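Enquirer: The lines below spell out each chain.
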Amino acid sequence: MVIRHALLALLSEGPKHGFQLAQEFAAGTGEMWPLNTGQVYTTLQRLDRDGLVDTDGAESGTQTTYVITDEGRSELETWLRRPPDTTHPPRDELVIKVLVALRLPGVDASELTQVYRRHVVEAMQQYTRLKEDAPEDDIGLLLVADAEIYRLDAIVRWLDAAEARIRRLPPNDWRPATPIRQPRRARVGSIR
Amino acid sequence: MTAVLDMVGVSKSYGDGAGTVLALHDADLTVLAGELVAIMGPSGSGKSTLLTIAGTLEQTTSGTVVVDGHDVSSMSPNDRSRLRRRSVGYVFQDFNLLSGLTAAENVAMPLELDGTRAKPARVAALQVLDELGLGDRADRFPDELSGGERQRVAIGRAVVGDRRLLLADEPTGALDSVNGESVMRLVRAACKRGVAGVVVTHDAQLASWADRVVFLRDGRIVDQSLPAAGPESLLTGSIDR
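Heads up: the sequence lines are chains H and D, in that order. When we follow this note's numbering, the leftmost residue of the first sequence carries the number 14, and every step to the right adds one. When we follow this note's numbering, the leftmost residue of the second sequence carries the number 460, and every step to the right adds one.
If you are wondering where the hints come from, they were derived from the structure by calculation, not from laboratory data. Keep in mind it's a predicted model, so treat the numbers as computed, not measured. We treat Cβ as the ideally placed atom computed from N, Cα and C, and that holds for glycine. Warning: the hint list may mix true and false statements.
Partial selection, computed: residues in chain H whose CB lies under 10 Å from chain D [claimed, not checked]:
(1) W92
(2) V133
(3) A136
(4) M137
(5) R142
(6) L165
(7) I168
(8) D173
(9) E176
(10) R178
Derived Cβ-Cβ restraints for the label pairs, each shown as a range [claimed, not checked]:
(11) H:A177 with D:G653: 34 to 40 Å
(12) H:A22 with D:D635: 25 to 31 Å
(13) H:L93 with D:K651: 36 to 42 Å
(14) D:N555 with H:L93: 43 to 49 Å
(15) D:S558 with H:S25: 51 to 57 Å
(16) H:R181 with D:F600: 56 to 62 Å
(17) D:D595 with H:F32: 46 to 52 Å
(18) H:V15 with D:K651: 36 to 42 Å
(19) H:E106 with D:S605: 38 to 44 Å
(20) D:S521 with H:L182: 29 to 35 Å
Partial pick of chain D residues on the chain H-facing surface, computed with a CB cut under 10 Å [as the list claims (entries may be wrong)]:
(21) S472
(22) G474
(23) A477
(24) R652
(25) H661
(26) D662
(27) Q664
(28) A669
(29) D670
All chains, full assembly: derive it from the sequences and hints.
Expert: Put into structure tokens, the structure is as follows:
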């Protein structure tokens with residue numbers, strides 16, 4: 014859905030062809046969200062089918078040029094004014110893992126929260142470094158990096174709250190903090 | 460790079476007998492020149508104790524602390540306060556500027572306390588304020604400055620002279636996100652010039668400015684983040700939403 018409306022937004026600036034749209038989408042997000050050209054063409058075909066864009070018939074080389082229709086402009090405006098859906102969160106893998114950990118004998122759920130916390134903080138460090146090195150006028154990159162940092166920060170806050178709750182459980186159910194053996198480097202950015 | 464702060468096996472307890480509270484247990488922490496380390500933990504995890512010991516404001520119960528090449532435990536109180544004045548700068552959440560002194564006088568104060576004459580101390584203070592973008596605020600009093608400006612003055616006071624170790628306790632806690640970010644950019648800039656920095660915080664966003672994040676629980680260092688990989692590793696995959 015996001016790609017669909019992002020393409021309408023780019024076409025509202027003027028006629029463009031698919032490859033150009035893919036490039037402008039990536040540039041507008043500070044290259045953080047690359048789109049492959051295949052996704053762009055599939056989406057354009059659907060927009061065309063729904064009457065939201067039109068091909069203007071003018072070929073630039075072998076590429077088809079797309080223009081936004083009046084219906085497309087109206088759809089873009091409606092979408093922009095509608096707040097994003099926050100009422101139905103998907104089942105969260107992180108929450109489920111901690112719930113499972115609490116039920117499994119021999120698993121220290123409190124220690125597990127620290128394993129997750131470190132992983133998330135390492136991802137935050139990378140986004141902060143990206144922000145630090147970004148040119149001040151690269152608003153796309155700065156906004157995308159901020160969005161990721163705030164999203165990850167919310168995960169750390171939940172982990173802090175979860176750990177505090179777990180540690181208030183009766184003494185039999187948790188052990189005091191112990192140093193954590195570092196596993197090999199986990200891939201950053203995969204917690205979703 | 461040389462270690463500016465080297466803490467080995469540091470423990471700190473308060474009280475005695477059955478009422479003993481172990482605030483810090485067998486903590487090892489080395490911070491190199493040019494490095495920014497964040498100590499992250501909830502309230503009561505021992506992070507403020509660690510910071511006051513690193514800043515030589517408190518003595519350890521056991522273990523050794525070396526600041527800028529000096530073993531703190533074998534120093535006289537006078538030598539310790541001289542080391543503190545010359546080598547260590549502090550930044551606090553509530554700025555702690557002296558309200559009766561201008562920005563420049565606040566920044567010059569640690570130099571003057573250490574025997575620098577007023578004129579050269581003011582010259583050094585003005586230069587630091589200039590670097591922090593506060594050149595035109597030098598003669599303002601703290602209550603004539605915004606929160607963000609006050610914290611920049613506090614950073615100036617913490618790095619003026621040839622200070623080697625910058626210690627900060629929740630330095631962005633009282634600031635909004637834009638001012639908080641500019642304060643952390645200045646702390647990073649100080650570290651890039653060779654200062655060793657330690658910030659204690661419960662805030663992951665603040666901690667994420669550090670080269671390394673050390674996690675504290677129940678007075679123990681339980682974990683630390685690996686040094687940040689390059690941001691290029693974030694640029695992966697397409698979105699398929």
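Enquirer: Would the hint on H:I168 stand, with a C-beta cut-off of 10 Å toward chain D?
Expert: OK, holds: H:I168 within 10 Å of chain D, min 9 Å.
Enquirer: H:A22 and D:D635, beta-carbon distance inside 25 to 31 Å?
Expert: 29 Å, holds
Enquirer: Given the hint of 38 to 44 Å, check if H:E106 and D:S605 actually sit that far apart at their C-beta atoms.
Expert: Check passed, 42 Å falls within 38 to 44 Å.
Enquirer: Tell me if the interface restraint on D:R652 is satisfied: Cβ within less than 10 Å of some Cβ in chain H.
Expert: 15 Å, violated
Enquirer: Look at the Cβ atoms of D:S521 and H:L182 and judge whether their distance stays inside 29 to 35 Å.
Expert: 32 Å, holds
Enquirer: Can the hint on D:G474 be confirmed by a CB-to-CB distance to chain H that is less than 10 Å?
Expert: Violated: closest Cβ of chain H sits about 19 Å from D:G474, beyond 10 Å.
Enquirer: If you take the shortest Cβ to Cβ gap from H:R142 to chain D, is it below 10 Å?
Expert: Holds - the Cβ of H:R142 comes within 10 Å of chain D, reaching about 5 Å at its closest.
Enquirer: Determine whether the Cβ-Cβ distance between H:A177 and D:G653 falls within the hinted range of 34 to 40 Å.
Expert: 38 Å, holds
Enquirer: Checking hints one by one. Is D:D662 an interface residue toward chain H, by the C-beta closer than 10 Å rule?
Expert: At 8 Å from the nearest chain H Cβ, D:D662 passes the 10 Å test, so the hint holds.
Enquirer: Regarding the hint that H:E176 lies at the interface with chain D, is the smallest CB-CB distance below 10 Å?
Expert: Status holds, d = 8 Å.
Enquirer: Please check whether H:D173 passes as an interface residue: C-beta within 10 Å of a C-beta belonging to chain D.
Expert: 6 Å, holds
Enquirer: Would the hint on D:A669 be counted as holding, given a Cβ-Cβ threshold of 10 Å to chain H?
Expert: With a minimum Cβ separation of about 7 Å from chain H (threshold 10 Å), the hint on D:A669 holds.
Figure legend: structure checked against the earlier numbered hints; hints not met, in rising order: 1, 10, 16, 21, 22, 23 and 24.
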